[in-house]
Amino acid sequence: MRRSMLFLPGNTPNIIINGDALGADAVILDLEDAVSPSEKDAARILVRNAIQIMKFENCEVIVRINSLDSEYWKSDLDEIVPLKPDLIMPPKICCAADVQGIDSYISELESKFGLENNTVKVIPLIETALGVENAFQIATASSRVSALFLGGEDLTADLRCKRTKEGNEIDYARKRLVCAARAAGIDVYDTPFTDVNDDEWIYTDAEYAKSLGFTGKSSISPRHVAAINEVFSPSQKDIDYAYEVMEAIRTAKEQGRGAIALHGKMIDAPIVARAKQTIAMAEELSLMGGGRNE
Amino acid sequence: MNNKIVRTLREAIELSGLKDGMTVSFHHHLRNGDYILNMVMEEVAAMNIKGLTVNASSLFDTHLPLIEHARNHVVRKIQTDYMSGAIGRLISQGVMEEQVEFRTHGGRPSAIELGITPIDVAFIAAPASDSMGNCTGKYGKSACGSLGYAFPDAMNAKKVIVITDNLMSYPLPDWSIPETYVDYVVEVDAIGNPSGIVSGTTKITRDPIGLIMARDAARVIQHSGLLKDGFSFQTGAGGASLAAAKFLKDIMLKEKIKGSFGLGGITGYMVDMLNAGCFESLLDVQCFDLDAVESIRSNPRHQEISATHYASPSARSAVVDCLDVVILGATEIDTGFNVNVHTDSNGYIMGGSGGHSDTAAEAKLSMIIAPLSRARLPIVTEQVTCISTPGKDIDVLVTQKGIAVNPRNKELGQRLKEAGLPVVDICELKKIAEGMTGVPRKLKKGGRPVAKVIYRDETLLDTIYSVPDTL
Chain A
2 MRRSMLFLPG
12 NTPNIIINGD
22 ALGADAVILD
32 LEDAVSPSEK
42 DAARILVRNA
52 IQIMKFENCE
62 VIVRINSLDS
72 EYWKSDLDEI
82 VPLKPDLIMP
92 PKICCAADVQ
102 GIDSYISELE
112 SKFGLENNTV
122 KVIPLIETAL
132 GVENAFQIAT
142 ASSRVSALFL
152 GGEDLTADLR
162 CKRTKEGNEI
172 DYARKRLVCA
182 ARAAGIDVYD
192 TPFTDVNDDE
202 WIYTDAEYAK
212 SLGFTGKSSI
222 SPRHVAAINE
232 VFSPSQKDID
242 YAYEVMEAIR
252 TAKEQGRGAI
262 ALHGKMIDAP
272 IVARAKQTIA
282 MAEELSLMGG
292 GRNE
Chain B
13 MNNKIVRTLR
23 EAIELSGLKD
33 GMTVSFHHHL
43 RNGDYILNMV
53 MEEVAAMNIK
63 GLTVNASSLF
73 DTHLPLIEHA
83 RNHVVRKIQT
93 DYMSGAIGRL
103 ISQGVMEEQV
113 EFRTHGGRPS
123 AIELGITPID
133 VAFIAAPASD
143 SMGNCTGKYG
153 KSACGSLGYA
163 FPDAMNAKKV
173 IVITDNLMSY
183 PLPDWSIPET
193 YVDYVVEVDA
203 IGNPSGIVSG
213 TTKITRDPIG
223 LIMARDAARV
233 IQHSGLLKDG
243 FSFQTGAGGA
253 SLAAAKFLKD
263 IMLKEKIKGS
273 FGLGGITGYM
283 VDMLNAGCFE
293 SLLDVQCFDL
303 DAVESIRSNP
313 RHQEISATHY
323 ASPSARSAVV
333 DCLDVVILGA
343 TEIDTGFNVN
353 VHTDSNGYIM
363 GGSGGHSDTA
373 AEAKLSMIIA
383 PLSRARLPIV
393 TEQVTCISTP
403 GKDIDVLVTQ
413 KGIAVNPRNK
423 ELGQRLKEAG
433 LPVVDICELK
443 KIAEGMTGVP
453 RKLKKGGRPV
463 AKVIYRDETL
473 LDTIYSVPDT
483 L
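Residue numbers (the working numbering), protein chains in the order written: chain A, 2 to 295; chain B, 13 to 483.
Quick caveat, the hints were computed from the structure, so don't treat them as lab data. Some hints here could point you the wrong way.
Said to hold, decoys possible - With the Cβ distance kept under 7 Å, some of the chain A side facing chain B (calculated, not the full set):
id, residue
1, I18
2, N19
3, P38
4, A185
5, I187
6, R224
Every residue gets a Cβ at the ideal spot worked out from N, C-alpha and C, and that includes glycine.
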């Protein structure tokens with residue numbers, strides 16, 4: 002379960018050391034934008050050592066490597082792949098060939114370090130207009146791709162428009178990515194809300210992402226994590242309804258009825274599937290009887 | 013006599029009969045903006061008086077000239093409840109011939125009243141006074157709010173000199189210390205620098221680790237069994253403690269809990285809680301910011317209390333005796349829950365108990381909030397460098413990676429576990445801390461004792477030694 006993903010600069014030991022205490026379901030240790038060229042080596046070594054030494058028991062570890070057009074991405078993978086992070090995030094992925102290039106190099110490393118093929122999964126960061134248009138091809142380019150990730154900042158630079166709090170300029174990209182990922186049967190994660198001093202709008206932004214179908218949302222501020230987790234957790238109302246659905250199904254089966262209605266509405270397969278997802282998530286979050294208030 | 017005004021400070025000192033070897037006292041309500049301690053000691057030095065004991069409720073970096081007076085034998089001994097880092101560092105290097113005596117904010121008035129630390133002349137810096145010595149901290153350009161720590165000095169010193177920069181007509185309305193205790197009044201241009209006296213507005217932390225600990229601290233209180241109507245609470249002015257108060261306020265308002273009183277050094281956040289209906293009253297021994305000063309001046313439910321009333325163990329009763337929950341800090345805490353707030357991990361003095369061990373001893377729930385590491389040093393250790401508050405008085409430690417409950421308080425541990433809070437053994441927290449920082453080399457103590465840590469019942473809790481030159 003990944004509701005929240007938190008970016009942590011790869012060159013800040015005092016922050017990384019507390020990465021697993023910040024409440025995020027996943028931390029993204031960043032070797033790319035947060036790290037200046039003169040510190041790339043140091044950050045790579047620090048992130049490698051942190052993954053080796055720290056247990057990160059409460060969260061997944063994702064490493065954002067440098068982009069394919071840089072001189073660093075292979076060195077990043079050389080150090081990180083043997084440690085089997087939960088995910089590798091390659092940035093600025095524009096097409097299926099980008100993914101296949103990374104896939105092929107990771108396969109080489111898996112073989113070199115005696116890892117089973119396809120152990121290390123990737124979450125392509127889509128942050129260009131071309132990437133958005135090729136989203137489905139990217140999502141299906143390799144079996145390593147386990148989710149898509151939208152990067153709104155670089156995307157708006159590429160679109161030559163201003164990034165706004167409301168986010169109308171990335172609306173198309175958000176919807177396109179959700180559709181592509183779902184069509185490919187994988188998860189999809191929303192771009193961070195970057196005003197770190199705004200502790201209110203993060204709720205609005207996360208609610209909107211959830212309403213579009215995003216699996217979760219990323220953040221560059223630890224202070225936004227709780228809001229994201231709250232929004233992407235099932236509410237008590239959701240949980241109660243899911244149980245009602247499952248109970249209605251059970252009763253209908255006992256009575257040998259085919260068509261099932263609840264509160265005057267037909268219950269079909271997608272509703273049952275969603276109810277099962279909600280219950281599974283609530284159980285994982287230990288939310289039974291104490292879900293998010295609405 | 014129709015007034016007690018004396019023309020100059022020197023004249024007042026002469027009239028007080030101050031002589032070699034006597035004890036002078038000061039309060040610390042003007043904090044790092046205080047001019048009075050330095051002004052008096054400079055005058056005393058000019059009068060060639062030697063071998064004084066200085067009993068100050070706290071000392072700040074602005075009082076650094078005191079060290080020079082010690083070197084020149086004007087000052088022989090220091091008694092205080094707290095000293096900030098610059099003075100502490102020099103004391104740790106052994107500049108004083110006699111050991112500093114650290115007491116607590118409750119222990120100090122107790123020792124004064126019991127005659128253990130008698131005061132010959134008390135110098136009371138007063139933001140407002142009339143000609144007969146009725147004085148208060150609530151008005152004037154140097155307003156500091158409560159004068160709580162000055163009461164025992166005024167009520168017990170052989171001579172009392174009020175020094176003010178705001179002489180008002182007699183009778184001063186709404187006085188704190190009445191004229192009955194005051195011998196002389198001296199008017200000066202300024203008793204302090206307002207910017208160092210109180211901060212504009214105390215802000216809660218934006219540090220994510222601090223916020224995580226604060227949220228968990230509020231949840232500990234929520235599930236402690238103590239958060240119900242009549243609840244009473246004290247917290248410090250540190251960022252994480254204030255954030256905990258903010259989260260607690262949210263919980264109290266949501267659950268419609270009406271507390272009885274908020275206690276201690278008071279900040280704007282506690283004032284907000286009072287105004288929001290979380291408490292019936294605030295009992296204020298010291299104001300930390302302008303919001304608190306304004307509130308104590310204008311809201312009758314925000315009451316000034318003396319240090320004795322706050323925390324004296326020898327009073328017939330003190331407010332701390334009725335306190336439910338206190339949130340405190342620590343520079344170190346060990347696996348026996350002993351807390352250090354006197355020194356840093358290298359052994360340099362940089363603080364003091366203040367009301368730490370008074371509130372910890374009496375509150376039903378004493379909570380420490382501290383991160384597992386600071387500046388690459390583990391905060392949870394095998395043994396603290398100095399015992400400021402004994403572990404028997406601490407119930408719970410909240411860190412960013414778990415909450416440790418003192419095994420003495422089994423019921424609390426059970427309650428917190430049932431509420432789903434991340435309760436872990438304190439030894440496990442020590443292991444995690446050392447996993448982050450490594451195990452530091454054992455600290456070498458210097459050969460000379462430089463300070464005594466005296467518990468609120470006058471027993472010796474610990475001795476602080478000089479720091480070796482090699483550090």
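Hints and how they fare:
no., hint, verdict
1, I18, "holds (5 Å)"
2, N19, "holds (6 Å)"
3, P38, "violated (27 Å)"
4, A185, "violated (34 Å)"
5, I187, "violated (30 Å)"
6, R224, "holds (6 Å)"
Violated hints for the displayed structure, listed by number in ascending order: 3, 4, 5.
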